[in-house]
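Enquirer: As you go down the protein sequences, you meet chains S and D in turn.
Each residue of the first sequence is one higher than the one before, starting from 19 at the first, in this note's numbering.
Each residue of the second sequence is one higher than the one before, starting from 19 at the first, in this note's numbering.
Some clues are possibly wrong.
Identical chains share a label here; the pair holds if one copy fits it or two copies do between them.
Stated by the list, open to error - Within a straight-line C-alpha distance of at most 30 Å, the following computed DSS-like cross-link-like pairs (lysine-lysine) qualify:
#1 Lys-316 / Lys-299
#2 Lys-350 / Lys-277
#3 Lys-523 / Lys-558
#4 Lys-350 / Lys-411
#5 Lys-143 / Lys-131
#6 Lys-52 / Lys-84
#7 Lys-247 / Lys-436
#8 Lys-461 / Lys-350
#9 Lys-32 / Lys-87
#10 Lys-337 / Lys-277
#11 Lys-523 / Lys-548
#12 Lys-503 / Lys-530
#13 Lys-397 / Lys-239
These aren't lab readings, by the way, just hints derived from the structure by calculation.
Number of protein chains: 2
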Amino acid sequence: METIKTKQTEPYLKVIPLGGLGEVGRNMTLLEYKDSILVIDMGFRMPEEGMPGIDYIIPNIAYLTKNKKYKNIVGVVFTHGHYDHIGGVPYIMGRIGNPPIYASPLTRGIILKRQEEIPMQPKLKITEVKDGSKINLGPFKVEFFRQTHTIPDNLGLFIETPVGNILHTSDFKFDKYPVNEEPTDFAKLKTLGSRGITLLMSDSTGAEQEGHSLSEREINKNLGEIFKKTKGRIIVATFSSLINRLQQIITLSEKHGRKVAIVGHSMKTNVWITKELGLLKAKKGTILKRPSDVNNYKDEEVTIMCTGAQGEETSGLMKIVLKEHPTVSIKKGDTMVFSSSVIPGNERAVQSLKDDLLRQDAIIYHYGMMDIHAGGHAKQEELKEMMQIMRPKFFMPVHGQYSMLVANARLAEECNIKKENVLVIDNGNIINLQKDKAYIDTKEVPANYVMVDGLGIGDVGEVVLRDRQVLAEDGIFVVIAIVNKKTGKVQTSPDIISRGFVYLKESQDLLKETRRRVVMAIEGATGSGKIVNWTYMKDKVRDDIGDFLFKKTERRPMVLPVIIEV
Amino acid sequence: METIKTKQTEPYLKVIPLGGLGEVGRNMTLLEYKDSILVIDMGFRMPEEGMPGIDYIIPNIAYLTKNKKYKNIVGVVFTHGHYDHIGGVPYIMGRIGNPPIYASPLTRGIILKRQEEIPMQPKLKITEVKDGSKINLGPFKVEFFRQTHTIPDNLGLFIETPVGNILHTSDFKFDKYPVNEEPTDFAKLKTLGSRGITLLMSDSTGAEQEGHSLSEREINKNLGEIFKKTKGRIIVATFSSLINRLQQIITLSEKHGRKVAIVGHSMKTNVWITKELGLLKAKKGTILKRPSDVNNYKDEEVTIMCTGAQGEETSGLMKIVLKEHPTVSIKKGDTMVFSSSVIPGNERAVQSLKDDLLRQDAIIYHYGMMDIHAGGHAKQEELKEMMQIMRPKFFMPVHGQYSMLVANARLAEECNIKKENVLVIDNGNIINLQKDKAYIDTKEVPANYVMVDGLGIGDVGEVVLRDRQVLAEDGIFVVIAIVNKKTGKVQTSPDIISRGFVYLKESQDLLKETRRRVVMAIEGATGSGKIVNWTYMKDKVRDDIGDFLFKKTERRPMVLPVIIEV
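Please construct the entire structure, taking both the sequences and the accompanying hints into account.
Expert: Right, dumping it as structure tokens:
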């Protein structure tokens, strides 16, 4: 009885995801126990369609800023250096009191490099951690263990808490033969699992995919085949964040007597950071200083490694393909290797890029043709293996679209984790956790999108976005009329400024008729004298002109009446 | 010697694609011989990204309208009733003298139905043709033969011309066990091939896919399994143009005692047309009058067949999922079947739709999980079989992205068609064809995009589109200042209207400073008196304010200065 009583009065640990659930990216989770909050990751995500002009979406931290709750933060721990886990730092850290950070050397390096790009940042307090590090943060004791992914220095988290142990997988895959890092340490994972896991928080990104992820050894073999048989230049496009792939391309180039030119700012930066830290190896002279240096070598001695595999408009590869790059362009016989998947939403851009390459007689290899790319996320068999090793009491799928979380939850049921102990939730939901009990709170914390646009954080909301969408569809139509306050008459012909609607020079008749209607609308509303009801007057002009333009064109530009009384 | 001489002076037949090459959709090709032009298809395509507000893109017909060349048109032949082959009709026919049309009954029905939706159309002159029809059009003798696709009444074209026979495959696949139509007539194809083919124009949409397309019998079997085991309601989302799939769903519903409600305007229309023509069969009472009628039946007696499989915002399915449909919403236990592929570019919308369905506890089947969708296009093995049957002298891949055309060309080489006789070209290129000779002309005809926006055809060009993109990114910022023409001073504080930039109510400091700078810019330019150089003045305000706003926000709204002298 004693035990049960204690349990009932014991406080719950709250697990609060502020991002990363029901979406890919923007990962950030809080563990809150009494007056202590541990923050795990602080990522951003890319905007959705219908969000023109938005740079990133970051987690909503209203829960932390309200009543200065952030003062309870005992530390921020980072799993790895990808932007969906660290990208929120420059937009958030300064607003939550700049709490202490714990990160691996590469994660730290990437965070600090990023800080340089964003103005007015506080000096971060970062403690380096590595595989095996243990740190005490209030009621939380965090142990870091390495996990295989696509970037070195990726760390899973084993967190001792007053309600039991929480294991957070970070992004991971199991790879017995990785490139540029050690094989997965199953012995270590088993040791952790044997200590008893109350809650397993596991990566869901690959949960809809059957089987086991490909080993980087396979990828390396296939890339090797291409290097072996190619006579001309090799251009490899991949993600700049796939550090281990970059290593493969560099090593293969060295093996086949090729120098490597790097095109793309983020790739250059990442190569620089990882080389500095000794996490990427290249012989002296392998990496060329400038892209134009390729012209000093024969075609068979050249690899160009670039960003832009997603068909991004401003990427180095796009400039090369569109003949806009100052020194590099596509030559007949170039071999283009897309060592990357296509991120959903980018299919059309990538197709168009491929078409343009083919028109210039390049030879193309992409992942639809052979295994020259593997993702960094565990697929179903690996996810189940992780569950079997950890045998958690409770299971919470994290990182991924809702369909991925649901798929991961189904795997948990296959692994005999009780259905009621599988917690599929959305951002802003709260899990109340005790050793033997967990439930989803009826309360929620704010978790809606916070948009970053230029220097503005959160100042672009629904109204501004809706206006942008309307402006994008049919443009704007500004009507300027000067009204004589004595007579109520419109002086001279109203001016019209329009953008994105029709090509004005070719629409003189339409404009003439519109001006006439503006005068009618205004003079009908003024009667004969001073404007009394400005709102009515402006609404009338807006509606009359809007209807008229729609009737004539079936377009609905935003109509802005500017009426000036003199 | 005689023969050779005749050949040299003999005119070439020109093959001029105005759309459909290097893109999916907008299919339209001209065959021109001396003073006669035969038009094949007249489709549209959907806009690309970065074309906000655009409804469709249609072929450029400048070549036909220049010097009224369209007067030479001897006829327009249509292969089938999909919008990428007929969608251009209401935007083009009236501008090229409304020439006679030859189309199968269903194609005719769809064209006429579409005409009703677009105002001010000429009465079309359509002659019905069917499998086996032969018509003489000037120097062209066109024979129609049926081809299996996803819509009934699809016709390939065998065209006798003065330079030999041209075979146009239409969109096609080989299916020995199709649903709702006859199996592929290989005997007929062989007969046509044996008559000798100078030029084969063959569908390339599936040319990058290995193997053979799935038979509809397979799809039907798998859909049948779902119908068999499902207890609750079945909601099937598919393309409204996949008439043969609609038939399958209706037949399966009848077999399993389900009534069918149809949600979505285009699907209702297509069911109506095909039923009228006897090309779609449903027992009396199977198809419910209104979606709300589903509420009169038990869940296991209901199928809902709807559009919206691409996650289209305004589709019936989206309304159902977002609880915005007046009478139908998702129930726990509903089974949602996506009998469709995802069109490139729609991946994110479809993902979001699936997530929302899962949040409402629906069960989902999609084509990634089992074969419940097959496309309508021949894959590599079928394409090669077609070439082997026709054994053409020249080969021209049509219909598809450039990468698909290239893939189809490679297949032709595998089939021993000489490399120099394989003609991979772009829209607007001209092939000059004789019996034993073909070359690509150095001249080109205009083939750039013509955009349809509302009632406007071609009036939205680069300038308007670029303005829309700028407006979408960072909005608009209108500055209104009244200047006293005697003193050159700004009267009262300048007005500011902004949309899509920042939320004005929360940016009062920014606005105050902006107003101050507007006054500075204007009064700096006026000196003290009348405005002399209006262009300079406006540019100065635009630049100063633009720079200031960028410095403060890192956004670049379109700045429109309105300066009024009184």
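Enquirer: All hints, please: hold or fail.
Expert: Hints, one by one, checked against the model:
Taking the closest pair of Cα atoms, Lys-316 and Lys-299 come within 30 Å of each other only inside a single copy of the chain (24 Å); across copies the shortest separation is 66 Å, beyond that limit. Proximity of Lys-350 and Lys-277 under a CA criterion of 30 Å is satisfied intra-copy only: 20 Å inside one chain copy versus 59 Å between copies. In this assembly of identical chains, Lys-523 and Lys-558 lie within 30 Å of each other by CA distance both inside one copy and across copies; the values are 26 Å within and 24 Å between. Proximity of Lys-350 to Lys-411 under the C-alpha cut-off of 30 Å is restricted to the inter-copy arrangement: shortest distance 27 Å between copies versus 59 Å within a copy.
For the homomeric pair Lys-143 and Lys-131, the shortest alpha-carbon distance inside one copy (14 Å) is at most 30 Å, but the shortest distance between copies (68 Å) is not. Taking the shortest Cα distances, Lys-52 and Lys-84 sit within 30 Å of each other inside one copy (16 Å), while across copies they are farther apart (79 Å). For the identical chains of this complex, Lys-247 and Lys-436 are inter-copy neighbours only, at 26 Å across copies versus 53 Å inside a copy, given an alpha-carbon limit of 30 Å. Only between protomers do Lys-461 and Lys-350 lie at most 30 Å apart by alpha-carbon distance; the minimum there is 23 Å, versus 62 Å within a single protomer.
In the homo-oligomer, the alpha carbons of Lys-32 and Lys-87 lie at most 30 Å apart inside one protomer (14 Å), although the nearest pairing across protomers, at 75 Å, exceeds that limit. Taking the shortest Cα distances, Lys-337 and Lys-277 sit within 30 Å of each other inside one copy (21 Å), while across copies they are farther apart (55 Å). In the homo-oligomer, the alpha carbons of Lys-523 and Lys-548 lie at most 30 Å apart only across protomers (28 Å), although the nearest pairing inside one protomer, at 34 Å, exceeds that limit. Taking the shortest Cα distances, Lys-503 and Lys-530 sit within 30 Å of each other both inside one copy (24 Å) and across copies (27 Å).
For a Cα distance limit of 30 Å, the shortest separation of Lys-397 from Lys-239 qualifies both inside one copy, at 21 Å, and across copies, at 29 Å.
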